[in-house]
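Enquirer: Read top to bottom, the protein sequences are chains A and B. Note that the first sequence covers residues 245 to 517 in this note's numbering. Note that the second sequence covers residues 696 to 972 in this note's numbering.
Certain hints may be false.
[Said to hold, decoys possible] If you want the footprint, here are the derived chain B segments under chain A, 3+ residues with CB under 8 Å:
1) 900-910
2) 915-925
[Said to hold, decoys possible] For each label pair, taking beta carbons as the anchor points, the in silico distance ranges come out as:
3) D251/A x D840/B: 53 to 63 Å
4) R269/A x Q815/B: 18 to 28 Å
5) D878/B x A289/A: 56 to 66 Å
6) G442/A x D905/B: 54 to 64 Å
7) A946/B x Q427/A: 43 to 53 Å
8) D840/B x R269/A: 47 to 57 Å
9) Q815/B x A430/A: 22 to 32 Å
10) D962/B x A272/A: 49 to 59 Å
11) D955/B x P271/A: 31 to 41 Å
12) Q815/B x I429/A: 20 to 30 Å
13) T455/A x G749/B: 41 to 51 Å
14) G365/A x D836/B: 34 to 44 Å
15) L315/A x D962/B: 55 to 65 Å
Hint data in this document are derived by calculation from the structure and do not stem from the laboratory. Cβ atoms here follow ideal geometry from the backbone N, Cα and C, with glycine treated the same way.
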Amino acid sequence: MSGGDLDGVGDLFAIAARELRTVVRTPAVVALSVVFGLTVVAVAAAGSGARGGYVPLVLDLLPFVEALVPLLAVALCYRAVLSDRESGELDVLRTFDVSRPAYVGGVYLGRGLAVALVVFGSLLAAGATVPMLSPPDPTFLALNEAADSPVAFLRFSVLAVLFALAVAAVALAVSAAARTARQAIALAVGLLVAFVVGVDAAAIAGLASGTFGVDAVPLALAVSPNGAFRSLVLGVAVETGGAGSPVAALAGLVGWVVVALAVAVLTAWRPVE
Amino acid sequence: MTDESTTMPNPEPATTAETVPDESTGENADVDAEPDAEGGRPAVAATDLRHAFGDVGVLDGVSLSVAPGEIVALVGPNGSGKSTLLRFLARVRAPDEGTVTVGSTDTGGGRARVGYLPQQPGFRAGFSAADTLEFYAQFVDEDVDVAGVLERVGLADAAGRRVGALSGGMTRLLGLGRALVGDPAVVVLDEPASGLDPGMVERLFDIVSDLADAGIAVVLSSHNLGPVERTADRVVVLDGGRFVADGDPRAVVESVGAADLQTAFGDLVATEEVTGR
Chain A
245 MSGGDLDGVG
255 DLFAIAAREL
265 RTVVRTPAVV
275 ALSVVFGLTV
285 VAVAAAGSGA
295 RGGYVPLVLD
305 LLPFVEALVP
315 LLAVALCYRA
325 VLSDRESGEL
335 DVLRTFDVSR
345 PAYVGGVYLG
355 RGLAVALVVF
365 GSLLAAGATV
375 PMLSPPDPTF
385 LALNEAADSP
395 VAFLRFSVLA
405 VLFALAVAAV
415 ALAVSAAART
425 ARQAIALAVG
435 LLVAFVVGVD
445 AAAIAGLASG
455 TFGVDAVPLA
465 LAVSPNGAFR
475 SLVLGVAVET
485 GGAGSPVAAL
495 AGLVGWVVVA
505 LAVAVLTAWR
515 PVE
Chain B
696 MTDESTTMPN
706 PEPATTAETV
716 PDESTGENAD
726 VDAEPDAEGG
736 RPAVAATDLR
746 HAFGDVGVLD
756 GVSLSVAPGE
766 IVALVGPNGS
776 GKSTLLRFLA
786 RVRAPDEGTV
796 TVGSTDTGGG
806 RARVGYLPQQ
816 PGFRAGFSAA
826 DTLEFYAQFV
836 DEDVDVAGVL
846 ERVGLADAAG
856 RRVGALSGGM
866 TRLLGLGRAL
876 VGDPAVVVLD
886 EPASGLDPGM
896 VERLFDIVSD
906 LADAGIAVVL
916 SSHNLGPVER
926 TADRVVVLDG
936 GRFVADGDPR
946 AVVESVGAAD
956 LQTAFGDLVA
966 TEEVTGR
């Protein structure tokens, strides 16, 4: 016997559990997650950062994480809703009176949890290389113990998860809005390019042309998840200072999540009643 | 008994007969949510449905009422709008105009569920047949005997088999089982026998008969006119956005002097234009 009687929150968790099981049972996704983890650990082990401490490792990993995390998040999420639409399961779920917020929330929770676990786990594994690779008594640098600690790396890892969740939300919106796989791929690739290089390039161009001043750069960067993540890492995790407004960056990331999920809810299906 | 109405924008009074009088036979489909002649409420009633995809009209004032325990077979040429009409009855799409009303014994005020089998049922890969039904069982109020549902559709021996390893026929049977989760009073089946071998078709229509015997209203579309003629209580022929015939299968056949439903179907739709809707 299987019991039912779920309310909206119960529906959400049922959907989330199904998404998690789907991710775990999809060999391509598992393989991609393993590759992501191995790459992050390899970058940590091969670079000089891990030998210098946690903060140097963060700075080593930052560009890789900026490029690889969106790739992972998009790969795990860009077809989540679309696949249900193509298989007809979206229609069938509607006959069970599942609401749009419960459905989208469940898909996001399940897929987001998978993305978060892979990102966080991989970064923790990368962080574990520091005690193994760093010399016991570094004498060539005047390091402040408080400035270089596992806490800084932990902050970086948490921020990377937040970054991943923001991109996952955007990818989910793509999967809900796209009506064909071709549309989904085009939108996902376009957003990836925009996030990874587009917004930075636009900010530099705007600065060079004098469209906006230096003061506006942090706000411009906060507009993209990548820029916001970088600002937060430099400003909060490793506290280099002068990296812009962490509040604006955090608002940027949270804003992407909220707006993207709203788009996903509105485009998942058109309500009959 | 509560009613759940799906009201569409700009509803207008029905001004177009839902059947063409000269060609219709048997019972008239002009039934709305009012109690029928025997005093019982229909399990599902569609009133004056109109719909177009862009400039192409699909349904032009179609009304249909199905009683509990009745099997109504919707037949028509490819592209005649059968799947569109079934989606409206399942309430997963809204027509441009018209209403769909589902009667329910649910007194809890919740939305009455219509079991729905899409034309191409799909499932999440990697899940077993039992896993799939258990997932959907979480969304209904009552406890669901998943093993019983699988037994009902003849998939008891395939409970643990991955959905990707099911044959085409078994996949449709699993889709039928999914439609039955929660014991809906109405099931809508879009070409449930498509692509099945003759033995599987007979098995599927036997299951449909059993559902009707249990009081479930069944609306299905099919091109398997032999089993439809033997099993359905009513046949409704959809063509050109209208019902061109509606009635007992025997009466529909006799109305055009045909030998069987297959021949009658050809006579009823042969002069109609198929526009690829």
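Enquirer: All the hints need checking, so say for each whether the structure fits it.
Expert: Tested hints:
1. 900-910: It is violated, with 0 qualifying residues against the three required.
2. 915-925: violated (count 0)
3. D251/A x D840/B: 53 to 63 Å: Cβ of D251/A to Cβ of D840/B: about 22 Å, so the range 53 to 63 Å is violated.
4. R269/A x Q815/B: 18 to 28 Å: holds (22 Å)
5. D878/B x A289/A: 56 to 66 Å: Holds - the Cβ-Cβ distance for D878/B and A289/A, about 58 Å, lies within 56 to 66 Å.
6. G442/A x D905/B: 54 to 64 Å: Given range 54 to 64 Å: holds, Cβ gap about 59 Å.
7. A946/B x Q427/A: 43 to 53 Å: With Cβ atoms ~48 Å apart, the hint holds.
8. D840/B x R269/A: 47 to 57 Å: Since D840/B and R269/A have Cβ atoms about 25 Å apart, the given range 47 to 57 Å is violated.
9. Q815/B x A430/A: 22 to 32 Å: Because 24 Å falls inside the window, the suggested range holds.
10. D962/B x A272/A: 49 to 59 Å: Given about 52 Å between the Cβ atoms, the range holds.
11. D955/B x P271/A: 31 to 41 Å: violated (50 Å)
12. Q815/B x I429/A: 20 to 30 Å: Cβ of Q815/B to Cβ of I429/A: about 22 Å, so the range 20 to 30 Å holds.
13. T455/A x G749/B: 41 to 51 Å: holds (42 Å)
14. G365/A x D836/B: 34 to 44 Å: Once the Cβ atoms are compared, 38 Å apart, the range 34 to 44 Å for D836/B and G365/A holds.
15. L315/A x D962/B: 55 to 65 Å: holds (60 Å)
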